[in-house]
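Asks: In terms of the UniProt record's numbering, the sequence shown opens at residue 1 and continues consecutively.
These are calculated hints, taken from the structure and not from any lab test. Since this is a predicted model, take the numbers as computed values, not measurements. Any given hint could be a false lead.
[Said to hold, decoys possible] Okay, derived cross-link-like pairs now, SDA-like style, lysine to any residue, Cα gap no bigger than 20 Å in a straight line: (1) Lys-120 to His-192; (2) Lys-28 to Arg-98; (3) Lys-30 to Gln-62; (4) Lys-120 to Leu-130; (5) Lys-30 to Leu-61.
[Said to hold, decoys possible] Simulated DEER-style distance windows between Cβ atoms: (6) Asp-204 to Val-23: 37 to 45 Å; (7) Asn-118 to Gly-20: 51 to 59 Å; (8) Val-23 to Leu-283: 28 to 36 Å; (9) Leu-283 to Ile-160: 31 to 39 Å.
We put the beta carbon where it would ideally sit given N, CA and C, even for glycine.
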Amino acid sequence: HIASSNGKGEIVEYLLRQNGLDVLINEKDKDGNTPLHLASMRKHAKVVYTFTRDHRIMMMLQNKQGLTPLDLAEDYVDVPSIEERLTWLALTYANAPRSSRTTPPNEVTPLPKGHKYNEKLSTLLMVSTLIATVTFAAAFTIPGGYGSSDERASQEGMAILARRRAFQVFVLSNMAALYSSIFAATTLIWAHLDDRKLTLTSLDIALPSLTVALAMMLIAFMTGLFVVLHGVCGWLATVVFIMSCAFLPLVLVVLVPLYFPSPSTKNIFARAIFHVTFSFLLLVCDRETKTKKVE
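Can you make the complete structure from the sequences, with help from the hints?
Replies: Structure follows, in structure tokens:
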């Protein structure tokens, strides 16, 4: 309990490997909290993730308040920090249940003036607007340009590279990035109504939309360069294609699990991807925590 409460991940891992300590793994303290409850309450993501990977952990246990570890992980009053989000993510991916406690009716909870939500929403709105602006401009400054008046009348003003597959992918991905960013911006405008529940819902919708917009913008950039370089400098076009294909999965692996956590852990490939992604995010989280302590 002490190791879990203080976020001592190495000690927790050591104790879980020891024989004869099974009785302590799910033991409750005076408040009915198991070690997993305490780690979830303190938002120690690394400890929570270690527990969720052990089949002996009973994630459905409730404390004296009738709360499960997932209930405690979702108990925050602000936009979740990276520690809070990773704690929730680890429990969600492991299919940790919520309690059957009755929840209060949905009420309009206004946000205090100058609240941190407003700053985050403004930043996301600026990013989505910037993506929409860039992709909108790219639609009218297409790779290869347009047919000039020197060509046949039927080709004048038409996209020169329109028949190239790479160009067609550019158009589709650029369009997807534009629409996704506009959708995210529209959703974030609703979030400025200062209702906490509406704000959280808007963020849940806008963040995946921005993820799609970023991925599609990367594809548009790749195909746009590829289509204009392929005929004149094949090796450079190939390098652009390979670098982009290597970077796109990296972006998706890091971002997608945050917005679309899989409820299933049976797929070995999905578990491997999640483990790599989560381990990377834990390193970022630990580094940020150490930096704050130094400051």
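Asks: When the structure is checked against the list of hints, which entries are broken? Sort them ascending.
Replies: 9
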